[in-house]
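K.L.:
If you're matching them up, the sequences are chains H and E in order.
For what it's worth, my numbering labels the leading residue of the first sequence as 1, then goes sequentially.
For what it's worth, my numbering labels the leading residue of the second sequence as 1, then goes sequentially.
These are calculated hints, taken from the structure and not from any lab test.
Note that the structure is predicted; figures quoted are calculated from it, not measured.
Any given hint could be a false lead.
[To be verified] Stretch-level coverage of chain E by chain H, calculated; a stretch enters the list once three of its residues show a Cβ under 8 angstroms from a Cβ in chain H:
1. 70-84
2. 88-97
3. 220-234
4. 285-294
[What the hints assert, rightly or not] Computed footprint of chain E on chain H; a stretch qualifies when at least three of its residues, placed anywhere within it, have a C-beta under 8 angstroms from a C-beta of chain E:
5. 70-81
6. 90-100
Just so it is clear, CB atoms sit at the ideal spot from N, CA and C, and this is done for glycine as well.
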Amino acid sequence: MEKHDGPDPGQVRIDDPWYDALASGWGELDGTGAPASAVPPARGEQDDLSARAADVYLEVQRSAAFQEVRSRYRRFVVPAVAVFFTWYVAYVVTATTAPAFMARPVVGAVNVAMVAGLGQFLTTFLFTWAYARHARLRRDRAALDLRWDTQELTRSVAGGGR
Amino acid sequence: MTGNHQTLALLLFSVFVAITLGITTWVSRHRHGSAEEFYAGGRLFSPMENGFAIAGDYMSAASFLGISGLIALFGYDGLLYSVGFLVAWLVVLFLVAELVRNCGRFTLADVVAARMSERPVRIAAGTSSVTVSVLYLVAQMVGAGSLVALLLGGTSEAAQTWTVIGVGALMVVYVSFGGMRATTWIQIVKAVLLMGGAIALTVLVLVRFHGDFDQLLRTAAERSGHGKAFLAPGLKYGGDWTSRLDFISLGLALVLGTAGLPHILSRFYTVPTARAARRSVVWSIGLIGGFYLMTIVLGFGAAAIVGPDAVRGSNAAGNTAVPLLALDLGGGASSTGGTVLFAIVAAIAFATILAVVAGITLASSASVAHDLYASLRRRHAKPRSEVAVARAAAVGVGVVAIALGLLARDLNVAFLVGLAFAVAASANLPVLLYSLFWRNFTTRGAVWSVYGGLVPALVLVVLSPVVSGGPGSLFPGADFQYFPLDNPGLVSIPLGFLAGLLGTITSTEAPDEAKHAETEVRALTGAGAV
Chain H
1 MEKHDGPDPG QVRIDDPWYD ALASGWGELD GTGAPASAVP PARGEQDDLS
51 ARAADVYLEV QRSAAFQEVR SRYRRFVVPA VAVFFTWYVA YVVTATTAPA
101 FMARPVVGAV NVAMVAGLGQ FLTTFLFTWA YARHARLRRD RAALDLRWDT
151 QELTRSVAGG GR
Chain E
1 MTGNHQTLAL LLFSVFVAIT LGITTWVSRH RHGSAEEFYA GGRLFSPMEN
51 GFAIAGDYMS AASFLGISGL IALFGYDGLL YSVGFLVAWL VVLFLVAELV
101 RNCGRFTLAD VVAARMSERP VRIAAGTSSV TVSVLYLVAQ MVGAGSLVAL
151 LLGGTSEAAQ TWTVIGVGAL MVVYVSFGGM RATTWIQIVK AVLLMGGAIA
201 LTVLVLVRFH GDFDQLLRTA AERSGHGKAF LAPGLKYGGD WTSRLDFISL
251 GLALVLGTAG LPHILSRFYT VPTARAARRS VVWSIGLIGG FYLMTIVLGF
301 GAAAIVGPDA VRGSNAAGNT AVPLLALDLG GGASSTGGTV LFAIVAAIAF
351 ATILAVVAGI TLASSASVAH DLYASLRRRH AKPRSEVAVA RAAAVGVGVV
401 AIALGLLARD LNVAFLVGLA FAVAASANLP VLLYSLFWRN FTTRGAVWSV
451 YGGLVPALVL VVLSPVVSGG PGSLFPGADF QYFPLDNPGL VSIPLGFLAG
501 LLGTITSTEA PDEAKHAETE VRALTGAGAV
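Based on the provided sequences and hints, a complete structural model is requested.
P.N.:
What follows is the structure, encoded as structure tokens:
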């Protein structure tokens with residue numbers, strides 16, 4: 001949990017979260033703009049206790065802090081997956097449909113195909129580095145806080161039931 | 001091959017076996033027999049240890065022997081495997097590793113079953129996991145067989161058979177006595193050995209060419225008899241459109257399959273947190289990336305130094321290119337250096353096969369005991385008895401893999417692994433991604449997406465040229481080949497996703513919003529993770 005000194009982790013602490021969300025109640029819009037509808041009784045005959053534990057997760061899911069963690073995750077992962085997957089598929093398709101292009105020499109015996117293949121290695125390393133950095137600086141701390149809060153709530157619900 | 005090779009290689013290999021058996025005994029001395037310990041090694045490995053173990057699990061004989069062999073025979077087309085095998089880790093890192101660590105306990109089915117009606121989902125996911133594992137095991141067994149054939153001169157079928165049986169028996173011992181903890185340490189030892197061997201050979205190849213990669217490529221191209229075409233795509237997959245589609249199909253299967261491999265998924269449960277799971281993947285990407293870069297050098301090195309004809313003469317599928325390269329690099333068949341290097345490489349390849357086989361066997365025995373057995377026998381089995389079932393399942397899986405391994409002896413190892421990846425990508429990946437990311441996913445969707453990927457993948461393999469209708473088929477005499485591609489991925493992966501979609505849409509049961517919330521919160525925060 002070291003290295004938490006990126007530009008905005010503090011932000012997470014400030015609008016942190018969780019109590020805010022409680023105070024604002026959870027009948028309002030969720031982050032996606034859809035009305036956060038009342039919870040349908042998911043499993044008809046569930047006993048009270050686990051039903052309330054389930055509510056905890058719904059509640060956390062709708063909290064601003066969780067939505068922030070989730071959108072940070074998605075904002076990185078969705079474009080990254082789109083880019084690397086397109087780049088990979090483009091590489092494979094080009095290799096099969098345009099071998100003449102791939103065979104074009106670049107330097108000495110090294111041709112376009114070889115450069116593209118090694119480029120795939122390079123981009124994989126870069127993506128790995130970027131993802132690990134992003135997760136460490138932008139997600140880990142907030143996720144950990146949420147984890148403890150959620151577990152605390154689950155426990156208090158379970159405790160209160162007894 | 002002289003007797004020296006054999007003796008030395010067998011000696012080194014025996015040392016490895018002795019060490020790993022020692023590890024197995026050592027880690028199992030305080031055994032409690034809990035499921036946590038057996039399947040997940042107590043979840044106390046460090047990211048670096050797990051990273052090495054993942055790399056050890058992943059860098060199979062298929063990579064070491066198969067890919068280098070394909071590059072030696074077909075030049076650039078073999079390189080696609082290296083690229084696909086590595087890029088696949090981005091899918092694992094971004095979409096799977098952390099979330100699976102947070103949501104599951106031991107197997108893939110845990111993640112899916114948490115949201116769904118447990119029994120049908122567990123049976124479906126358990127079945128597909130076992131299928132994938134067995135296919136993957138067959139590839140390793142074939143690798144072991146061809147290695148021995150090389151070592152003993154290629155004539156002795158009995159020796160080959162006994163090796164496959166011996167490898168199978170050893171892995172059962174590792175898995176059933178040592179569980180995940182022993183298996184992990186075996187992977188780590190093996191990963192270090194394999195990296196060491198690959199580095200040594202790569203350095204020797206580069207020294208031979210005075211560090212000139214360009215010179216290496218040119219010599220390989222010349223020696224191959226294909227000239228410049230050897231360095232460009234198209235030699236193996238460049239003919240008609242069928243083989244080009246096959247290449248694309250394979251590429252898809254490789255990049256999407258890794259995230260669905262049961263023995264890879266189960267590795268994430270051996271570390272304490274999602275963060276540790278992520279860091280272990282980062283470690284393993286570093287190791288695996290480095291390793292595949294080296295296989296490229298080794299493959300072209302084998303083409304340049306040994307020559308494709310000699311490689312093909314030893315094993316038609318190219319599986320023995322690297323040991324031959326080692327022999328040559330050490331100074332040739334009659335020299336001490338050649339003998340030693342050859343023996344080392346052969347022993348490392350054996351060790352690799354053994355370790356990977358142990359990892360897969362463990363994962364599939366977990367699927368059998370934790371998913372299939374626990375669901376099919378409704379009485380709540382105690383953890384203790386579940387572990388006993390897992391030990392028995394390890395034996396069963398071993399027997400099946402040995403039998404199939406003897407049958408599939410003449411297929412290229414990397415190619416067989418490609419099949420396992422295609423099935424994993426079709427049957428396991430869609431259900432995993434849907435469960436983690438799709439709010440409206442239902443039980444029916446989950447079951448349909450598993451079977452909707454698994455069944456087409458298997459049926460297409462049976463109807464493909466691999467099984468019948470060609471000179472290189474499993475049953476060259478018969479002809480029930482209706483599907484033109486060797487690798488079913490291009491068709492079966494979209495089918496898996498489509499089946500999940502259709503199953504969910506047609507489902508009468510409303511999606512369970514609370515369970516989705518639980519999965520999503522747990523996946524991203526780690527709340528309630530074991």
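K.L.:
For every hint, state whether the structure bears it out.
P.N.:
A quick look at each hint next to the structure:
Judged by the Cβ-Cβ criterion of 8 angstroms, the stretch 70-84 of chain E is covered by chain H as claimed, because 6 of its residues qualify and three suffice. Counting residues of the stretch 88-97 of chain E whose CB falls under 8 angstroms from any CB of chain H gives 6; the rule of at least 3 is met. With a cut-off of 8 angstroms between beta carbons, the stretch 220-234 of chain E has 7 residues touching chain H; three or more are needed, and the interface restraint holds. Residue count for the stretch 285-294 of chain E with a Cβ under 8 angstroms from a Cβ of chain H: 5. That meets the three needed, and the coverage hint holds.
With a threshold of 8 angstroms between beta carbons, the proposed coverage of the stretch 70-81 of chain H by chain E holds, since 5 of its residues qualify and at least three are required. Counting residues of the stretch 90-100 of chain H whose C-beta sits closer than 8 angstroms to any C-beta of chain E gives 7, which meets the bar of three, so the coverage hint holds.
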